[in-house]
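Residue strings, one per chain:
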Amino acid sequence: MNLIAPVLLQILELALALVLAPLLTGWVNQCRAWLQNRSAPPLLQPYRQFAKLFEKEVVLAHNASSLFRAAPYIIFACMALASMIVPTLSTDLPFGPAADAIALVGIFALARVFIALAGMDVGTAFGSLGARREMLIGFLAEPALLMVFFTASLISQSTSLSTIVETFASREFAIYPSLAFAGVAFTMVSLAENARIPVDNPTTHLELTMIHEAMILEYSGRHLAFIEWAAELKLYVYSCLGLALFFPWGVPQGADLSNLPLALASLLPKLAIGGALLALIETLSAKMRIFRAPEFLGTAFMLAVLGMLVHLLLETGK
Amino acid sequence: MSGLSANLSELLSIDWILLLIGTWLLIGLAGLTVLRDVTAVARLLYPLGALVGMALAVCAFNALGAPAEIAVLPLGLPDLPFHLRLDALSALFLMLLGGTAAGISIFSAGYLRKGEGSAAGLQCLQYHLFLASMALVLLADDAYAFMVAWELMALSSFFLVTSDHRNPEIRSAGYLYLLIAHIGAIAILLCFGVLQGAGGLAASNGVADYTFDHMRAIRHDTFWASAAFGLAVLGFGAKAGLLPLHVWLPEAHPAAPSPVSAMMSGVMLKTAIYGVLRVSFDLLHHPLWWWGVGLLALGLVTALFGAIFSAVQSDMKRLLAYSSIENIGLLFVGIGLTLTFQAFGMTALAALALTAVLYHCLNHAVFKSLLFLCTGAVLHATRERRLGKLGGLIHPMPWVAWLALLGVLSSAGLPPFNGFVSEWLLLQAFLFTPGLPHGYINMLIPVAAAAVTLTAALAGYVMVKFFGIVFLGQPREETISRQAKDAGWLERTGLVWLAALCVLLGLFPVFVIEHLDFVTRTLLGTGVYAASGNVAGSHGWLLLAPISADRASYEPLLFLLMISAIVVATAAFVHRFWHGRMRRGAAWNCGFPIQTPRMQDTAEGFSQPLRQIFEPFYRLTRELPTSFDKAPRYSVVVRDHFWYLIYLPLAHLANLVSRGISVIQQGRIAIYLLYSLITLVVLLFLVRG
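In order, the protein sequences belong to chains A and B. Going by the working numbering, the first sequence opens with residue 64, and the numbers climb by one from there. Going by the working numbering, the second sequence opens with residue 156, and the numbers climb by one from there.
Bound conformation, chain A alone (with noise of 0.2 Å):
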C-alpha cells in the first residue's frame, strides 16, 4: 500500500502534465489574442493540430540523419522526465530523488543540445542560425536558472526540490529580499527560455528573427508534433516551477490520494492565472533585437547572483 500510492501519483502527475500543457499554451494563446483585440482561437487549438501533424507524414530531408530523427523523441522524454520530476501533486514522489535542481537544469540542457544538433544536421542556413541563437541563448541562461535554485538551496540547505518546497511552504509568509531578486531573475530565464517575446517570437513568420522556429523548420509530422509538444511542456515545467518555487502553498506533503482534490485546486486556478500574466508580458513588451537577449540575459544572471549574496549578507547573520 506504502509503494502504490506514490507510483499512482506519479504516473498521474506525468498525464497530468502531458495533458494540461497544451491546454496551458491554449489557453496563453487564447489570453494574448483576447488582450490583443483579436478573436481567440478555441482552447484546444493545440490538440487539433497534434492530431493533424500525427496523421499527415514525416518529409524528411534527403540527407538527414538518424540523429534528425530521433531528436524528437529524447527533447519529448527530457521534457517528460522534467515534468515528473517538479513538485505539484506532491512533494513526495518515486522519481523526485531521481534528479535534483542541479540535474534538472542539465536535463533542460540535454534537450537544448540535442535540438540545436538537429537543427544543424540538415545544413541548411536557417538551421545553423537558429542552433547558434539558442546555444546562445542557453548558455546564459542556464547559470542564470542555475544562480536562482542556488539561492533556493542556500535558503533551505538542500538541492532536493521537494525539500525546497516543503521548506519554502512552512515558512513564515513575509516578503523574502532574496527571493524577490530570485523571482524576477527567474521570470526572465523562462521568457528567454520558452521562447518568448521579448527574446523570441512564438508565433513569428520572419525568418530572420527566429531562434526556436528556425531550428525546427525542416520538422514534419508527427516529429514536427513531438516537438512542439516538448515545447509546450517545457512551457508547463518551466510555469509549475516557478510556482512551486515561489507560490509553494497548497503542493501536499505527503504521498496520499486523498490530497489530490487539494492539490488539483491549488494548482489550476495558480496555471491559469501564471498564464494569464505571460499572455500580458508578451502583449506588453516588444521584441528585442537578437544582440540585446545577452544583456536581458546577463541582467537575469546579476539579479540571481544579487539574490544569492542579499540572502548571504542580510539573512543569515540572524
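Any given hint could be a false lead.
Simulated crosslink set (SDA-like; lysine to any residue; CA at most 25 Å straight-line) [as the list claims (entries may be wrong)]:
(1) A:Lys119 with A:Arg132
(2) A:Lys350 with A:Leu98
(3) A:Lys350 with B:Ile768
(4) B:Lys640 with A:Arg132
(5) A:Lys115 with B:Val729
I should point out that these hints are in silico values taken from the structure, not numbers from a laboratory.
Keeping the supplied structure of chain A fixed, place chain B upon it in accordance with the hints.
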C-alpha cells in the same frame, strides 16, 4: 634487479606494476628491431601495449584499497636508489593511466600509417617510454626518482609532439612545449628543495635526504610551507596549463599525432594534478586558507579563459586543447575548495570537494582522449583539421560520429553521462561554502560558483559547435565527403572502450565514489562514502548532500531508463495508433530555392555571438570587405592577449640582454686570452685577500 627478484615470490601489487612498466619498456625497445615495419609495430606491439595497460589498470584497481607498498630499485646514483611507493592516490592515477592507455594504444594500432612522422618503430619506443615514465612519476617516492621520471616524460612526449619535425610550425610548437616544461621542472625541483631543506642537514645526519618519507616527517613553518606550495603550483601548473603558463597547450596538441594529443591531454595533464595533490595533501600537512582561495581564483580564471577561447577556435584540435585548459581550471577550483575546507578543519566537506576533483580527473581523461581520437579519425579520413572545411561526416563515418557524440555529451556536462556527475559534486561542494567560519570568504566563494556554472554552460556551446560543424550539416568541401571512410575495427575498438567508460562512469557514480574514498581517506582521513554513516540523522541536508545524495538526489541509471522508456513508448504509441509513413524530399528551408553548403554557419560564424560578447578578452585582427571590393575577403584571427602582454616582451627582453652580453664576445682569440688573464688575476687577488 636483485631487489625485484627477491620480492617476486611474494608478488606484491607494486611488483606486478613494475613488471608491467618493464614490459612497456621492452615493447618500446622491440620497436627498434622492426624500425620501419609498420605492420609489425601496429598489429603486434601496440595491441600488446594495450593489454599491458589493461593489466596495469586491474592491478592498480586491486591496490586501491590495500595498504601502501614500498619498493626500492637499485637504479640511480650510489647511495641514492629509486624509492617507489604505491598508495591509494598513486593507484588511482595508475588506474587512470592504464585504462586510458589501453584505449589509446589499441586505437593507435589502427591509426599508424606509413610515412607519417618518424619511423614507426621509433614512435613505438617514444610512446611506450612516455607511458612508462608517467607510471614512474606516479610511483616515485623520492625527489630524485620523481624528477628523473618527470624529465623522461617531458622528453619522450617532446619527441612524440615533434614526430613530424619537417614542418617548421611543429618544431616551434615542440620548442615552446619543451621550454615551458622546463620552467615547470625547475620550479618543482626548487619545491622539493624547500620541502627537504626546511629540516636542515642536521636532521638527517648530514646527508641530504630527498625521500618523500623524510619530507612528510618535517614540520614546515608557515613561510617555507607557503613557498613550497607556491613553487608546486607554478611547476605543476606549467605542466597542466594553468594561466598564464597555458600557451604551449594549444600549440602542442594540434602539432602532435592524435593518439599523442589524447595521451597528453587525457593523462599527462593529470600527472600534474597528481603532483599538486601529492605536495599539498601528502607532503605538506596544514594548508592555509589563502592557498585554497588563491588556487580557487586561479582555477576560475583559467576555466573561464579556456571556455571563452575554445568557443572561437576554428581548428578542431585547438578547440579541444582550450577545452582541456578549461577542465584543468575546474580541477584547480576543486583543489582550491578542498584546501579551503581543510584549512578550516571541515574535513567531511574537503572530502566532498576532493571527490569531485578525483572524479573529474577520471572523466576528463576518458572523454577528452575519446574526442582527440575522434579528431584523429576525422583527420585521417579527410586530411583536414580546419572546421570550416568539414561537415556532414555522420554519413560516411557513423561509428566515429556516434561515439564522438557520447564524448561530446559527457564533455558538455550533461546527464546521465560522466561529466555531469563531477560537475554536480563540485556544485554541491560550493553550496556548503557559506558555512566557512571566515568573514567575507564565505560570501564570495558561492559567487565563484556562478562563474563555474557559466563555464559549464559555455562548454555546452563549444561542444555543440564541435560536433555540429564536424559531423552534421552538409559537407563544406565536395571532395571531403567522397573520400571519407569510417574508422577501421582497431580504431573503433579503442573508441568504443573509451565511450563505454564515459557511460559507465556516468551511470554508476556510487560505485566510483566508494572507490575514490580510499584516496580521500588516505589524504584527508575521511571519505564521502564512509562519512555518510557519521552524519546521518543529524541534519537532513548534511545527510543527503555529499553522501547518500548520489543515491537520494541524483540517480543516473533511473534517469537513463526513464528517458529510454519514454522514447520507446512514444515511438511505439504514434506508430501503433497513427502510422510510420515517411518520405524523403529536398530540404525545405522556408522555400528558398538556392541552397549551397556555403550558406551554413562556418566555425567562425557559429562563434560570432561569443566574439561579440567577450570581445575584450580576445586580441582580434579583422579584415572586413567593403562594398567596392573587386574580390571581397573576410577574415578574423583571434589571438591570445597573454602572448603579446607577457611572452613576446619577455622574449624581447631575453634578446636584448643576450645582445648586451654579446658585446664582450669579439671572436678574436687574443681578447679571450685577455679575459682568462683578468679572471686569473681577480681570483688570485681574492684568494690572497
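#### Entry: Ascending list of hint numbers which this structure does not respect
Structure breaks no hint.
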